[in-house]
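**Student:** These are the residues of each chain, in order.
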Amino acid sequence: MSMHSDLFHQRFEARFSDGRTARSREVTVELNERGIAILHQPDEPLIWPYGALATAEPLTDHAIDALVTYSYQPGATLFVQGPRFARALAKLAPQLTASAERWRSASPWLWGAAATIALGCIVWLAELSPARTIAALLPDKARAAMGRQAVASMSEGRAFCDDTTGTKALGKLTQRLATATQIDRPFKVVVIDWGLVNAFATPGENVVLTRGLLEAAEGPDEIAGVLAHEMGHGIELHPETGLVRAMGLAAATELLMGGSGGALGNIGIVLLQLSYSREAEGQADDHAISILRAARVSSRGFAQFFERMSKRDGTPGGSLGKGGLGGMLSSHPETGERLAKVHAAGGYDATPALTKADWTALQGICASTSPDDRQSGPAADKPQ
Amino acid sequence: MDTQTTGPTSSPPAPGIRLDLSWLPPIGMIGLSVANFVYRLLTLGIYDFWARTEVRKRLWSAIRLDGEPLVYTGTGKELFLGFLIVFGVVLLPILFVSVAVVLIFSPNSPAVTVLNVLIYLAIIFLFGLGMYRAQRYRLLRTSWRGIRGSLEGRSLPYATTYFLTMLLIPVTLGWIIPWRTTKLQAMITNDARFGSEPFAFRGTSGPLYAPFALLWFGVIALSFLASLISVVAGSLAAHLMGEENLGSAARAQVLYLGLIAGFGLAYLLYLFMSAWYRARTINHFADCTYIDNARFNGRLTGAGLLWIDLTNLAILAAGTLIVIALAAVIGVLFVTIAGTIAPESTLTTEEFTAYAATIAAPLLVFIAVLSFTLLLPVTQARSMGYLINNLSLDGTLDVDKIRQSSADPMATGEGLAQAFDVDAF
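Residue numbers (numbering that gives the first Met the number 0), protein chains in the order written: chain A, 0 to 383; chain Z, 0 to 424.
Keep in mind the hints are simulated off the structure, nothing from the lab.
Keep in mind the model is a prediction, meaning the values are calculated, not measured.
Don't take every hint at face value.
Chain A is faced by these chain Z residues, among others (derived, beta-carbon under 7 angstroms) [as the list claims (entries may be wrong)]:
no.	residue
1	Tyr38
2	Leu41
3	Leu43
4	Arg144
5	Gly145
6	Val398
In this text, a Cβ means the ideal position worked out from N, Cα and C, and glycines have one as well.
Required output: the full structure, derived from the provided sequences and hints.
**Tutor:** Here is the structure:
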């Protein structure tokens with residue numbers, strides 16, 4: 000305070016009210032080392048320390064007077080006219096200036112806003128998806144329950160294809176690819192009796208293939224490619240992430256609580272409507288190529304199948320609709336891009352994904368299920 | 000003015016003193032406007048409550064009674080908490096119920112219509128409730144020489160009166176308005192206290208009916224005249240346009256322009272009439288307001304009010320334009336820079352620019368919304384200055400006998416009123 004000693008012991012005329020009645024009286028005040036000294040004659044001087052003062056309006060450079068209150072004497076006011084007192088007070092009690100008061104009330108919110116924006120930037124820059132994080136936090140049991148729900152609601156009104164030799168062949172293919180994923184998760188693959196050419200990854204390492212897909216494939220390598228691609232989605236938790244994003248926390252909470260009611264009733268529909276980002280498709284492709292390579296299955300079939308499908312539909316995506324394969328085609332890494340990746344993977348010794356006998360068995364997996372329902376073809380290649 | 004009549008002189012004690020009501024124009028309101036705008040922007044809008052508080056402190060301080068300022072003792076925290084409470088207790092439930100009804104019934108079901116009407120009615124009621132509570136909060140947070148104001152009544156009767164008379168406005172073709180505003184003003188005034196001293200409203204709505212009749216018939220006559228002129232001029236113009244003559248087409252254009260000018264003039268005339276009625280109302284209310292041996296006196300004029308209103312509108316518009324122009328420049332710069340420093344990725348420059356633009360666009364909207372309030376403090380000071388400059392307090396007040404208010408100062412602010420944006424200051 001010594002730097003302001005030139006301000007001390009100046010006297011000012013002022014009006015003082017004790018706050019008990021609306022009367023005011025003339026007093027003289029003096030600024031000193033301790034605070035404002037209020038001198039009114041017969042009484043002892045009152046000292047109002049600088050730290051416990053408040054002013055009617057924050058002190059600015061324009062101030063032409065100041066009305067001061069003191070927190071330990073509520074109601075009492077001291078009104079001093081003239082800019083001289085206001086400027087001296089602003090130096091001795093800098094917390095009363097407008098800039099100090101603004102900063103005091105705004106700074107918590109400024110930090111809050113800065114933190115919010117920073118968090119947003121981190122999420123954006125680090126490509127942290129909150130939905131993805133939640134999906135990753137889901138316990139395996141919950142993801143498995145989600146998957147069961149999804150498969151059940153997708154296959155509603157349709158039968159599972161369960162020809163014994165076909166199922167055995169599918170098991171061999173699944174085993175061969177799953178071993179190559181190098182992750183310790185049991186993949187479960189089912190075929191449903193549906194004319195649509197499609198495949199879906201569902202939560203909990205489940206993959207759903209359609210009869211239409213088996214019919215459209217020209218060899219076991221093509222099915223292996225599609226299956227590896229869907230496994231890639233599963234490894235990256237894309238179905239879980241998509242569902243969390245689409246259905247919100249309600250679904251996740253319900254799952255954690257062990258329920259399986261309302262919010263999840265239409266989980267399959269939601270999954271059918273999901274379409275993955277181009278980036279997600281690219282990730283699934285990368286997985287597919289490395290899985291196929293590790294399993295010693297040629298990745299040519301994988302590329303050929305997608306190329307043929309996009310040609311057949313005229314446009315990439317075309318009539319395949321959303322979800323699963325269709326979704327992949329509609330948010331295509333161009334077929335060319337995929338081919339380039341396959342080529343980049345280089346050549347390696349490969350054996351057919353399934354023996355001829357097993358491939359025939361797999362193609363007949365729906366034989367015992369739907370002898371009458373043979374309405375495959377482009378017309379049936381659309382959901383709903 | 001020397002008012003020190005209560006000194007240690009031996010003359011017989013005066014019954015009171017004359018208190019001079021004056022306005023000391025606040026300096027630096029533009030600087031305050033800019034500071035508040037920047038803080039609002041940087042805190043994502045939350046600073047608003049503190050911004051309004053600082054403006055009020057300045058405005059209250061500019062009102063001088065016997066040379067000493069009124070003091071606004073409210074805080075931004077109180078306004079913020081009041082808003083939070085109203086948000087949780089009123090706005091969220093309304094939102095919840097309306098969403099629930101749409102989900103339970105179909106969006107087109109009569110239940111939704113019924114609920115919408117109910118919500119609308121509830122909002123009118125809450126509006127009245129909010130106005131009373133806002134007035135109470137502001138009086139409790141206003142003091143002069145340390146003596147607080149207060150509003151010692153309940154908000155329910157006021158809200159009920161507000162609600163019922165509002166429903167009667169269309170039924171009475173508006174003729175209840177002078178009675179209604181007087182009744183509501185009287186309710187507030189009679190509940191108001193300065194310390195221990197009550198305010199009193201002595202008067203009726205009678206004197207307002209002549210000006211109101213003039214306004215009412217004036218509006219009818221104006222709209223009749225406007226439609227008559229438009230029909231006549233319109234058919235005349237159509238007739239002129241019909242002739243295969245360039246000169247008459249030009250004359251038709253002139254006629255249309257004249258028509259627009261005529262409508263503009265009619266609207267201005269309407270604005271003037273309503274401002275004139277408003278001035279008469281404020282003057283009447285001032286004349287009816289008593290405290291101790293003093294009575295307020297209002298000298299507002301329609302022309303004065305209209306001038307303040309129109310110039311204030313121009314000031315607000317100017318502020319908005321300045322901010323939007325600045326924001327647009329900054330936005331374009333941001334998008335351009337984002338486009339040039341786009342990292343090597345799968346995105347092309349165009350895609351990245353579009354991406355940056357989608358981020359910048361909502362930001363620009365946010366700034367534009369805030370910008371309308373940029374110069375609000377300036378206009379508020381002008382409005383309040385005009386009011387105080389044209390009000391005086393005639394008669395005397397016995398300041399020695401006015402003691403501190405015993406009213407319990409409420410903890411939180413005027414959220415309800417703010418939720419519906421009732422308040423002018």
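**Student:** Each hint: holds or not?
**Tutor:** Comparing the hints with the structure gives:
Annotation: tyrosine 38 of chain Z was flagged as interfacial toward chain A, and the flag holds, the nearest CB pair being 5 angstroms apart, inside 7 angstroms. Checking leucine 41 of chain Z against chain A: minimum C-beta separation of about 6 angstroms stays under 7 angstroms; hint holds. Annotation: leucine 43 of chain Z was flagged as interfacial toward chain A, and the flag holds, the nearest CB pair being 5 angstroms apart, inside 7 angstroms. A distance limit of 7 angstroms between C-beta atoms decides the matter here; for arginine 144 of chain Z the minimum to chain A is near 4 angstroms, and the interface restraint holds.
Hint status for glycine 145 of chain Z relative to chain A: holds, with the closest Cβ pair at about 3 angstroms, below 7 angstroms. Below 7 angstroms, beta-carbon pairs count as interface contacts, and valine 398 of chain Z has one with chain A at about 4 angstroms; its hint therefore holds.
In summary, the structure agrees with every hint in the numbered list given earlier.
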